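Trainee: Listed below are the residues making up each chain.
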Amino acid sequence: MDKLDIPQGTLDLMILTILAREPLHGYGISQRLASLSHNNFQVNPGSLFPSLYRLEQDGKLKAEWRPSENNRNAKYYALTAAGRKQLEQHRQRWERIAFAITSVLEGA
Amino acid sequence: MTLWHRLTSVVRWMFRRDEAEQRLDDELRSFVDLSAAEKMRDGMAPAEARRLAMIELGGTEQVKERVRRYRHGGLLDEIGRDVRYAFRMFAKTPGFTLVVVLTLALGIGANTAVFTLIDALMLRSLPVHRPGELVQLRMGDPGSTEPGGESFSNAIVRGLAEQRDVFAGVAGYSGGGFDVGPSGAVSRVRGAWVTGGFYGTLGLIPEAGRLLTAQDDERDAPLVAVISYGYWVRQLGRNPGAVGQILQVNGQPVTIVGISPRGFVGANVGAIADLTMPTAALARLEPQAAGLLEPGNFWLRVLARPRPDVTAAEAAARLNTVWPQLADQVIAKHWSASRRQEMKSLVFQQSPGGTGWTYLRDIYRTPLFILMAVVGLVLIIACANVASLLLARASSRQREIAVRLAIGASRGRIIRQLLIESTLLSLIGAALGTQLAWFCGYVFVSILSAQDSGIVFDLSPNWRILAFTCVVATATGILFGAAPALQTSSAEPVAALKKNEMIARTRSRLLPSLISVQVALSLVLVAGAGLFLRTLQNLQSLDPGFSAEGVLLVDLDEHPGALPPALLDDVRRLPGVVAASLASHTPLNGGYWSDAAVPAGQPLPEKDNAIFIGASPGFFPTLQIQIVSGREFSEGDTAGSPAVAVVNETFAQRHFPDRNPVGERLAASVNGDKRDLEIVGVARNTSIAGLRQAPPSTVYVPYAQLNRNRAGSLAVRASGALGQAVSSLQQTLQARIPNMSIEVRPLSTQVAATLVRERLMATLAGGFGVLALALSCIGLYGLLAYTVAQRTREIGIRMALGAQSKRVVGLVIGRATKLVVVGLALGLPATWAGTQWIESMLFGLTPTDPMVLLGSIVLLAASAQLAAFLPARRASRVDPLVALRHE
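Going line by line, the protein sequences match chains A and B.
If you use our numbering, the first sequence corresponds to residues -6 to 101, in order.
If you use our numbering, the second sequence corresponds to residues 13 to 899, in order.
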């Protein structure tokens, strides 16, 4: 199946949403994103890692190194309080956008 | 919070960059590990799983590069790496780097130097409260755009100060000098006369004591003075009890009431005022100059601070509304009705006053702008020079650049790297250049102080100079770096890796044209310098009609009546003194006295029409001014004897064109008194008012017959060693006039002082012309040396085929000649256009003076030949065998 391009500006929202449930490492995030999107989205590490680093530097995420499920050391990302706030804002905005687009499509 | 977070993360990351890189590596490796492990769990072979995982990641380096770019400070990081890389490149080619940096240091330094002077003279604000609010007042004809007169009478300043609904404060001031100290140990202190509102208007806070107020500027107020912080430190050793001390000023006790704040040395830029006194004290301290306080004398500059609620335009409008009625009170009563009306019809003008006032501004504005243009050209030459050096070096970097392009660096990235290199070079050059700027400033001030030893300028760097230098340096870096960067990075990697051909082809057009441009600009600068040099020579070799050699001057503030009676005889008896006399004015002393004088029977003109000089017997022999007809003044011409005059040739020709004027009578106004003078002699014309001016009509009258106090000078002609005459004169005068500081100076320095502007232009333009010439020659040398090195093989083949070394030399010299001829052809019209601009500053020659132009061309051509000689000789010594084995 062909993958979809991740819409501009939504990667951060999806990362924050995924990490809101539990801390994950980079590979885990990309896998979770694929499965949650029913394999429609496949995030490229060249986009994922820059986003993770920027969110971490902005204080939305915190990271720690700990053993993974198969006993390898991996860097786990988790939301900070600021990250939660950002997620809430992004989510509300996204719902408005989705509602708006849906209304337009249905009303037309 | 977020901003703080970002800043700290940038800083943290900058200091722990290596650690962060390591972490990123680890993380990406763990990504691949996890991904491969999952694939193996699905039953894939380990090697295959790993390969797929790597593909999934999409290249470690690419991911790292993108992370770096998105991370805060990522750009900073890349620039930091470019800077480090640039320094490694510089270290690899130290000779090249040195030449480039020195060239840029000269170019940028020259610009900083001239800008520093412009800044010191015109842009620096006075260290006062809100200097931007201050306005300088002038008066001019209504409707005229010309700036009006900037001097005002004491009465007008007082009248303006009363306009409280317009101005919060009005300050009138003028420079002056005082004889300070007890009798017999008097020294000259530079100072200023100010009106009572001076310090209040400027809003200064005293270092100690209080500053002058309106009460101090009343006719009978106690004599008080404010000293400068510098004077307090230098002369009074920071004595805490200085305030309240009594100073002997011009023989009168004056109380120090305060010390002005540190850094403030008066409102006259370039002149330090160590002692400041209210104008009202003038009548008691300098009785002979008391006339300045009368309404007919315009001698005060005015700075005013409009009230905060009044705009500049409103202030001007209100002032001009009240002026007609104010004028009736403040215009001199004895003026004729027409002159009063003329004065009344003038209007006030305002200009920003925060930078203070200096007469130097009017004199040096044009010269400094010309110099700014000159150094601008020097910088362009330096840029062209460095650009050609970079282009020449580009071939050796072609391979390196090609490799970087091949492994995926973008062209923009390469251009940025090259521009960072050139900007760095130019910043290093600028740092060195500031040293040169300092030296130039020193030269400038030392030339200026020949005119006025009291000239002091603050040439210390400030933010404006720093900003100027940085902007110039950055622009320079981009200017000279752009062409080489674009060219170097445009190469096709594959072709470039194979050969250097492509560069060689494009360079062959750009490089030589850079050389020709340098030659053209150099011609402009060398010819300009030549014109200034010849102007100075012409003025120096001019016969002024008097002989300054061996003449010593002493300014005497006292009227001869107050001088010891036999003073002149005592001076004449000193060993080595040939002649001595008193005169109201000495040649080229900057001041003059004009009055009306016409043949008897004609009406006296309203306006002055002749220069008057009061001279004692011996004046003409002292200055060696020839008496063409009749006699000079004698001891018999006293206050009681018939009034006589000596006129100069111009006066004689103008009024008595067909006869000898000796014995004729003149109707004259002398210091306002109608006089009937008998002409007893005709003197040769002298350049008394200025070397450039034609000698004006001049009337000499005996000093003894002057009807009014007039300060004058003692002129002494000495033979033999002047130093001895100076000291014996000094001792004799000091013993007889203990209350005055005696300063003996040669007339020749007074003459030289009138040529300060010309000397300045000749020195600086000459210096920059030589610099331009040297830079162009280095550029030409560099290009030829490089071409010879590149064509070693070709030259070798030619020589192996029998070409003679003479022909090879001819080849190189011929190429140089072609470049120079093209440059000269471009330079001639440019020179013509450029030198029209300085025509008004020249003397005795026109901008198209053939000798100067020819000389400049010859000088340039000869220097170019010299520069071409070394590479040509190297070419002629190419050994065919060595050359062919090369590569």
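Among the hints, erroneous ones may be present.
Claimed, not checked - With a cut-off of at most 27 angstroms between alpha-carbon atoms, the simulated DSS-like pairs for lysine-lysine come out as follows:
hint, chain 1, residue 1, chain 2, residue 2
1, A, Lys(-4), B, Lys76
2, A, Lys55, B, Lys619
3, B, Lys356, B, Lys345
4, B, Lys51, A, Lys(-4)
5, B, Lys76, B, Lys345
6, B, Lys686, B, Lys619
7, B, Lys686, B, Lys345
8, A, Lys78, A, Lys55
9, B, Lys818, B, Lys830
As the list claims (entries may be wrong) - Here are some, though not all, of the chain B residues that point toward chain A, as calculated from beta-carbon distances under 10 angstroms:
hint, residue
10, Asp45
11, Val468
12, Asp470
13, Arg897
Please keep in mind that the hints were generated in silico from the structure rather than gathered at the bench.
Bear in mind the structure is a predicted one, so any value in this text is a computation, not a measurement.
Just so it is clear, CB atoms sit at the ideal spot from N, CA and C, and this is done for glycine as well.
Trainee: Each hint: holds or not?
Mentor: Here is what the structure says about each hint:
A C-alpha spacing of about 24 angstroms is found between Lys(-4) (chain A) and Lys76 (chain B), which places the hinted pair at or below 27 angstroms, so the restraint holds. Our distance criterion of 27 angstroms between C-alpha atoms is broken by Lys55 (chain A) and Lys619 (chain B), whose separation comes to about 91 angstroms. As the CA atoms of Lys356 (chain B) and Lys345 (chain B) are separated by approximately 13 angstroms, the hinted pair is consistent with the 27 angstroms bound. This hinted pair checks out: Lys51 (chain B) and Lys(-4) (chain A) have alpha carbons roughly 20 angstroms apart, not beyond 27 angstroms.
Restraint check: the Cα-Cα separation between Lys76 (chain B) and Lys345 (chain B) comes to about 89 angstroms, which exceeds 27 angstroms; the hinted pair is violated. For the hint pairing Lys686 (chain B) with Lys619 (chain B), the CA-to-CA distance comes to about 14 angstroms; that is within 27 angstroms, so the pair holds. Of the pairs offered as hints, the one joining Lys686 (chain B) and Lys345 (chain B) holds, with about 19 angstroms between alpha carbons and a cut-off of 27 angstroms not exceeded. Annotation: proposed proximity of Lys78 (chain A) to Lys55 (chain A) holds, straight-line Cα distance about 14 angstroms (limit 27 angstroms).
At roughly 18 angstroms between alpha-carbon atoms, Lys818 (chain B) and Lys830 (chain B) fall within 27 angstroms of each other, so this suggested pair holds. Satisfaction of the interface hint for Asp45 (chain B) is found here, the shortest Cβ-Cβ separation to chain A being roughly 5 angstroms, below the 10 angstroms cut-off. A cut of 10 angstroms between beta carbons decides the hint on Val468 (chain B): the least distance to chain A is about 54 angstroms, and the hint is violated. Taking 10 angstroms as the C-beta contact cut-off toward chain A, the hint placing Asp470 (chain B) at the interface is violated, the least distance being around 47 angstroms.
Annotation: interface hint on Arg897 (chain B) violated; nearest CB of chain A at approximately 51 angstroms, more than 10 angstroms.
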